[in-house]
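S.K.: Listed in order, the protein sequences are those of chains A and B.
Mapped onto the numbering used here, the consecutive letters of the first sequence carry residue numbers 92 to 199.
Mapped onto the numbering used here, the consecutive letters of the second sequence carry residue numbers 7 to 118.
No lab work stands behind these hints, which were simulated from the structure alone.
Only a predicted model underlies this, so the values are computations on that prediction, with no experimental measurement involved.
Among the hints, erroneous ones may be present.
Straight-line alpha carbon distances no greater than 27 Å define the calculated DSS-like cross-link-like pairs of lysine-lysine that follow [to be verified]:
{"id": "1", "chain 1": "B", "residue 1": "Lys63", "chain 2": "A", "residue 2": "Lys186"}
{"id": "2", "chain 1": "A", "residue 1": "Lys186", "chain 2": "B", "residue 2": "Lys76"}
{"id": "3", "chain 1": "B", "residue 1": "Lys15", "chain 2": "B", "residue 2": "Lys63"}
{"id": "4", "chain 1": "A", "residue 1": "Lys186", "chain 2": "B", "residue 2": "Lys20"}
{"id": "5", "chain 1": "A", "residue 1": "Lys186", "chain 2": "B", "residue 2": "Lys15"}
{"id": "6", "chain 1": "A", "residue 1": "Lys198", "chain 2": "B", "residue 2": "Lys76"}
{"id": "7", "chain 1": "B", "residue 1": "Lys76", "chain 2": "B", "residue 2": "Lys63"}
{"id": "8", "chain 1": "A", "residue 1": "Lys144", "chain 2": "A", "residue 2": "Lys186"}
{"id": "9", "chain 1": "A", "residue 1": "Lys159", "chain 2": "A", "residue 2": "Lys198"}
Simulated DEER-style distance windows between Cβ atoms [to be verified]:
{"id": "10", "chain 1": "B", "residue 1": "Thr106", "chain 2": "A", "residue 2": "Val118", "range": "16 to 26 Å"}
{"id": "11", "chain 1": "B", "residue 1": "Pro45", "chain 2": "A", "residue 2": "Ser136", "range": "14 to 24 Å"}
{"id": "12", "chain 1": "A", "residue 1": "His147", "chain 2": "B", "residue 2": "Leu118", "range": "35 to 45 Å"}
{"id": "13", "chain 1": "B", "residue 1": "Lys15", "chain 2": "A", "residue 2": "Gln157", "range": "40 to 50 Å"}
{"id": "14", "chain 1": "A", "residue 1": "His164", "chain 2": "B", "residue 2": "Asn24", "range": "43 to 53 Å"}
If you want the footprint, here are the derived chain A segments under chain B, 3+ residues with CB under 8 Å [claimed, not checked]:
{"id": "15", "stretch": "132-138"}
{"id": "16", "stretch": "173-187"}
A virtual CB, placed ideally from N, CA and C, is assigned to each residue, including glycine.
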Amino acid sequence: KNEVEQSPQNLTAQEGEFITINCSYSVGISALHWLQQHPGGGIVSLFMLSSGKKKHGRLIATINIQEKHSSLHITASHPRDSAVYICCGSSNTGKLIFGQGTTLQVKP
Amino acid sequence: DGGITQSPKYLFRKEGQNVTLSCEQNLNHDAMYWYRQDPGQGLRLIYYSQIVNDFQKGDIAEGYSVSREKKESFPLTVTSAQKNPTAFYLCASSIGMDGTQYFGPGTRLTVL
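If we strip away everything but chain A, and leave its shape as in the complex, we get (with noise of 0.2 Å):
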C-alpha cells in the first residue's frame, strides 16, 4: 500500500466547477506538498502543508494533521487549468514520498 494515497485518479470538469482532489498520507509524513504537472512533463510546486490552509488564487489547500488528510481546491476551474495534481508527502528524513497523481482535465 502506498504511503500516499490520491484519489480521484482521473476528473473531468466543466469550467466554472468547483474541484476538489483528496490525498491521504500515512504515519511518519511531516509536510505535504502539491505539485502541478503539465503536458510537457514540467512540474511546479503549488503548496507545502505543515499545517492549516493556503491560499494562491484560485487554488486552495488544506490539511487535517489528526485525519493524515489534505485536499486541494480548485475554484472557477478554467482549461488552462487541466494537468497531472500530485500529492507528496515529506518524511521525517526529507525525503518525498509520491501519490499517483490525478489527471484534471477542464472542459470549455
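Start from chain A and add chain B according to the hints.
M.R.: Relative to chain A, chain B alone:
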C-alpha cells in the same frame, strides 16, 4: 535567470547502450535528486545528493549511476543493466534535504 535545466528533452537509444542525462542548476542548491516517472505511478527516487562529492541510493537505484563533482551538476547514467529504462526522468534540487524541491523540465528516454 535562476533555474534547473535538463537536456535533452527527448532521447532515444538502442537497447544495450549506456546513456547519460544532464541536470544543471544555478540556484546554489546543495541537494539534488533524480526521479523516474512511469504511467500510473508516482515519482520514484533513483538517487539523491545532499552535497558535492556525496550521493545516496534512492528506492530504485539498480541499473543507474550518478556523480556529483560540481555543486551545479548531477548527471544520471542509465546503464544497460537497467531492465526497463524507457521512462520520464525528472531532476530536482533544494536548498537542503528538507527544503522545497524545484523540478527541471524532464527528459523522456525511449530505448528502442
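S.K.: Tell me if the straight-line CA distance from Lys186 of chain A to Lys20 of chain B falls inside 27 Å.
M.R.: violated, 33 Å
S.K.: May I ask you to test the hint 43 to 53 Å on the CB atoms belonging to His164 of chain A and Asn24 of chain B?
M.R.: holds, 45 Å
S.K.: Honestly, do Thr106 of chain B and Val118 of chain A meet the 16 to 26 Å range at C-beta?
M.R.: holds, 22 Å
S.K.: Can you confirm whether the C-alpha distance between Lys15 of chain B and Lys63 of chain B stays at or below 27 Å?
M.R.: Holds. Lys15 of chain B to Lys63 of chain B sits at ~24 Å (cutoff 27 Å).
S.K.: Could you check the hint for me, namely that Pro45 of chain B and Ser136 of chain A are 14 to 24 Å apart, CB to CB?
M.R.: 22 Å Cβ-Cβ, so the 14 to 24 Å window holds.
S.K.: Below or equal to 27 Å on CA atoms is what counts here, so check Lys76 of chain B against Lys63 of chain B.
M.R.: Answer holds: Lys76 of chain B to Lys63 of chain B is near 18 Å, not above 27 Å.
S.K.: Starting from Lys159 of chain A, check that the Cα of Lys198 of chain A is at most 27 Å away, please.
M.R.: violated, 31 Å
S.K.: Tell me whether the statement that chain B covers the stretch 132-138 of chain A is true, taking a Cβ distance below 8 Å and needing three residues at minimum.
M.R.: holds (count 5)
S.K.: When you take the CB atoms of Lys15 of chain B and Gln157 of chain A, is the distance between them in 40 to 50 Å?
M.R.: holds, 43 Å
S.K.: Between the alpha carbons of Lys144 of chain A and Lys186 of chain A, is the straight-line distance 27 Å or under?
M.R.: holds, 23 Å
S.K.: Measure nothing beyond the straight line between the CA atoms of Lys186 of chain A and Lys15 of chain B; if it is 27 Å or shorter, mark the hint as holding.
M.R.: Satisfied, since the Cα-Cα distance of roughly 26 Å is no more than 27 Å.
S.K.: Can the restraint linking Lys186 of chain A and Lys76 of chain B be considered satisfied, given a maximum Cα separation of 27 Å?
M.R.: Holds - the C-alpha atoms of Lys76 of chain B and Lys186 of chain A are around 22 Å apart, at most 27 Å.
When held up to the earlier numbered hints, the structure conflicts with 4, 6, 9 and fits the remainder.
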